[in-house]
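Number of protein chains: 2
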Amino acid sequence: MEDKLGHLYAERARTVKASLIRELLKMLLNPNVISFAGGWPDTETFPVDEMIEIANDVFRRRAACVFQYGTSEGLPELREALAARARDREGIPGIEPDQILITSGSQQGMELAGRVLIDPGDVVLVGLPTYFGATGAFRSYQAHLGGVPVDEAGMRMDGVEEEVRRHQREGRKVKLVYVQTNFHNPMGVTLSLERREKLLELAAAYDFLVMEDNPYGDLRYSGESLPALMALDREDRVIYARSFSKIFCPGIRLAWVAGEKALIRRMVISKQFVDVCTNTLSQHLVYEFIRKDSLDRRIDLNIAHYRSKRDLMLEMLDKHFPPEVEWTRPDGGFFVFVTLPEPLDAGELLKDAIDREVVFVAGQPFFLDGSGANTLRLSFTGAPADRIEEGIRRLADLVRSKLG
Amino acid sequence: MEDKLGHLYAERARTVKASLIRELLKMLLNPNVISFAGGWPDTETFPVDEMIEIANDVFRRRAACVFQYGTSEGLPELREALAARARDREGIPGIEPDQILITSGSQQGMELAGRVLIDPGDVVLVGLPTYFGATGAFRSYQAHLGGVPVDEAGMRMDGVEEEVRRHQREGRKVKLVYVQTNFHNPMGVTLSLERREKLLELAAAYDFLVMEDNPYGDLRYSGESLPALMALDREDRVIYARSFSKIFCPGIRLAWVAGEKALIRRMVISKQFVDVCTNTLSQHLVYEFIRKDSLDRRIDLNIAHYRSKRDLMLEMLDKHFPPEVEWTRPDGGFFVFVTLPEPLDAGELLKDAIDREVVFVAGQPFFLDGSGANTLRLSFTGAPADRIEEGIRRLADLVRSKLG
Numbered sequence: 001m002e003d004k005l006g007h008l009y010a011e012r013a014r015t016v017k018a019s020l021i022r023e024l025l026k027m028l029l030n031p032n033v034i035s036f037a038g039g040w041p042d043t044e045t046f047p048v049d050e051m052i053e054i055a056n057d058v059f060r061r062r063a064a065c066v067f068q069y070g071t072s073e074g075l076p077e078l079r080e081a082l083a084a085r086a087r088d089r090e091g092i093p094g095i096e097p098d099q100i101l102i103t104s105g106s107q108q109g110m111e112l113a114g115r116v117l118i119d120p121g122d123v124v125l126v127g128l129p130t131y132f133g134a135t136g137a138f139r140s141y142q143a144h145l146g147g148v149p150v151d152e153a154g155m156r157m158d159g160v161e162e163e164v165r166r167h168q169r170e171g172r173k174v175k176l177v178y179v180q181t182n183f184h185n186p187m188g189v190t191l192s193l194e195r196r197e198k199l200l201e202l203a204a205a206y207d208f209l210v211m212e213d214n215p216y217g218d219l220r221y222s223g224e225s226l227p228a229l230m231a232l233d234r235e236d237r238v239i240y241a242r243s244f245s246k247i248f249c250p251g252i253r254l255a256w257v258a259g260e261k262a263l264i265r266r267m268v269i270s271k272q273f274v275d276v277c278t279n280t281l282s283q284h285l286v287y288e289f290i291r292k293d294s295l296d297r298r299i300d301l302n303i304a305h306y307r308s309k310r311d312l313m314l315e316m317l318d319k320h321f322p323p324e325v326e327w328t329r330p331d332g333g334f335f336v337f338v339t340l341p342e343p344l345d346a347g348e349l350l351k352d353a354i355d356r357e358v359v360f361v362a363g364q365p366f367f368l369d370g371s372g373a374n375t376l377r378l379s380f381t382g383a384p385a386d387r388i389e390e391g392i393r394r395l396a397d398l399v400r401s402k403l404g
Numbered sequence: 001m002e003d004k005l006g007h008l009y010a011e012r013a014r015t016v017k018a019s020l021i022r023e024l025l026k027m028l029l030n031p032n033v034i035s036f037a038g039g040w041p042d043t044e045t046f047p048v049d050e051m052i053e054i055a056n057d058v059f060r061r062r063a064a065c066v067f068q069y070g071t072s073e074g075l076p077e078l079r080e081a082l083a084a085r086a087r088d089r090e091g092i093p094g095i096e097p098d099q100i101l102i103t104s105g106s107q108q109g110m111e112l113a114g115r116v117l118i119d120p121g122d123v124v125l126v127g128l129p130t131y132f133g134a135t136g137a138f139r140s141y142q143a144h145l146g147g148v149p150v151d152e153a154g155m156r157m158d159g160v161e162e163e164v165r166r167h168q169r170e171g172r173k174v175k176l177v178y179v180q181t182n183f184h185n186p187m188g189v190t191l192s193l194e195r196r197e198k199l200l201e202l203a204a205a206y207d208f209l210v211m212e213d214n215p216y217g218d219l220r221y222s223g224e225s226l227p228a229l230m231a232l233d234r235e236d237r238v239i240y241a242r243s244f245s246k247i248f249c250p251g252i253r254l255a256w257v258a259g260e261k262a263l264i265r266r267m268v269i270s271k272q273f274v275d276v277c278t279n280t281l282s283q284h285l286v287y288e289f290i291r292k293d294s295l296d297r298r299i300d301l302n303i304a305h306y307r308s309k310r311d312l313m314l315e316m317l318d319k320h321f322p323p324e325v326e327w328t329r330p331d332g333g334f335f336v337f338v339t340l341p342e343p344l345d346a347g348e349l350l351k352d353a354i355d356r357e358v359v360f361v362a363g364q365p366f367f368l369d370g371s372g373a374n375t376l377r378l379s380f381t382g383a384p385a386d387r388i389e390e391g392i393r394r395l396a397d398l399v400r401s402k403l404g
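Those protein sequence lines, which keep their order, are chains U and C. Counting from 1, one number per residue, gives the positions in the first sequence under my numbering. Counting from 1, one number per residue, gives the positions in the second sequence under my numbering.
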């Protein structure tokens, strides 16, 4: 496309690249395609009847609020309900409503954190691999991004310390470590308790903040829950991002971010100039779902639904994939991460897979350093259960043909 | 509030100040207060019955889309409908759907324009006075803001040219002129046709872009409509921001921005890392309102409703206010702008007004240069019609007592 006004663009706009996944998703309108690509919830899980019932009630009863501007912080009763949930269900005892900001998706929470914290050249550490929405948000503020390896127990803390010290030696300040604690995107792995504690120690020792991103945490299918970083934090160094997109419905664009009071206040003020306030309709709808205990019932149903899909995908991988291929076995969330034997290239594989009407996301874009060419991410949530085996079989055939 | 993490904030976060109006609004929960403060639509205008009817239909019929992620550009059929409206109703003949980006309120359109265009130190010209949401958005990107006087015919073009040349001499580039074309916030004035044409001439001559902000344009109560800058533009230099917040419901946080294709594409890519996509529920609801011609019926009802409120407020100002006070007579929108005789200070007046349970917005925060201490903004939309006379009488008494 011709950039006829390109000479007037800001420097930051020249370097931002489109999210590859979101670009890929636009090609997926073909209903024959079996998609393991998007991190999208299964549309079958949307609580349509109850949404209609609640909309009828709340649109009528609270019209003057539902359709009007709200405060930038978010609906007071929703912030209170979320604080109560954080106290009761996540072991974050002292949390107060004014430590919570309702956001337009958790992407906005990351964006606002970047806005409030990142000066050009400040270092943000992220996983290798990591969710690239976060990378994109921090990059908008000219963050210097550093990568830390992720293994089966999550982000490596020896890697964090090493990177912090290296940047320190080179005269740069690590301000923020972005970490996905549960069912990591794209790897599906969970940060161990030992590493959680170590991360907070490092944050105190080297004076940085931690952005704990936990959109999938409520969707645990096996194993024991671990305490949130924010529950372990004694220094107010954690900014905790949660979301309704994965556990409920993404179309309502509702998430929240919690943290130290004055920092959250800064983010609220910034939000006034970003989008004024979060959609009030969505806030009222979700508040009613929480008030009636329907959100928790919905989450329980989703856990059962996705657990069987995860089990099915792992079973089909075991059954069909050649032994040279490795993959993670997630305890929750949406993703299985596959490592192909080198020198197989997942980007090349994807081109052939599209021809066979099965798609996934190649792993390389999740790696800051350009590694991961032989990796790929499979989502087990979006495809219908009765198509998962067929999709995995097509991929397995392809991989086998590449292996020769 | 103690900023215990303040040493970790970004430079930009240290300088952002809270929107005074949004702070004031939080104090307005007292139902005895007569408010001429917020630029909020009258809650009486919200189409509750039809919203419920449409929600019932569209939630059921299109659940898999309504509750799911959408594309960052916005719902395709809504973009098409908005392009068709721009062609048919605003005389913008060639506009195509991919020149339109659906945003989470028009504040986001300004934010994205700032993000894509403004490098630190680039100049953005705004009115004296101007809507300070725009100022805040551009300031986040370290824009150098310049002020241009606004009079009864809108922003002064001799002032624009003078400022552009002055900055040029001083080595700064004017990249953007932000202008409100219809029923200016806070002044209520409309940019004359002659000045619209002149602004586009200047944009071409000095190579800058124009952000045309037009949230109130559909709410004209008297006089003839003027063509949008975008309809007059032959060089693709206009970024046109429209909104459903003032003409319909702000709670749905829905707006759109139109412009040159490659520039809009840059804004779409930026939006991926800002909030992924705009609320899909809201987009489906509004699309149905447009498809059924209900939006236009609603706008017509709102015009009649607000016209009578405007007439009433102007009548009451004529009747009660002392002759030393001056005010604008808007042809549309939400606001009357009042100039008190100097040295009266509207900020001081507001403190006393709060005690008498009537509130407005002092004018000074709308002026970049700190002038306007003797001005104030009255909104005639929010207060119930049967309270407008009482509110104006209280204010008039106060002004009279100050005049001594």
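Some clues are possibly wrong.
Any copy will do: because identical chains look the same in the list, a pair fits if it lies in one copy or spans two.
Computed cross-link-like contacts, BS3-like style, restricted to lysine-lysine with a CA-CA straight-line distance of at most 27 Å [claimed, not checked]:
(1) 198 <-> 292
(2) 261 <-> 173
(3) 4 <-> 173
(4) 198 <-> 4
(5) 198 <-> 261
Hints listed in this document are in silico derivations from the structure and should not be mistaken for laboratory results. Keep in mind the model is a prediction, meaning the values are calculated, not measured.
Ascending list of hint numbers which this structure does not respect: 1
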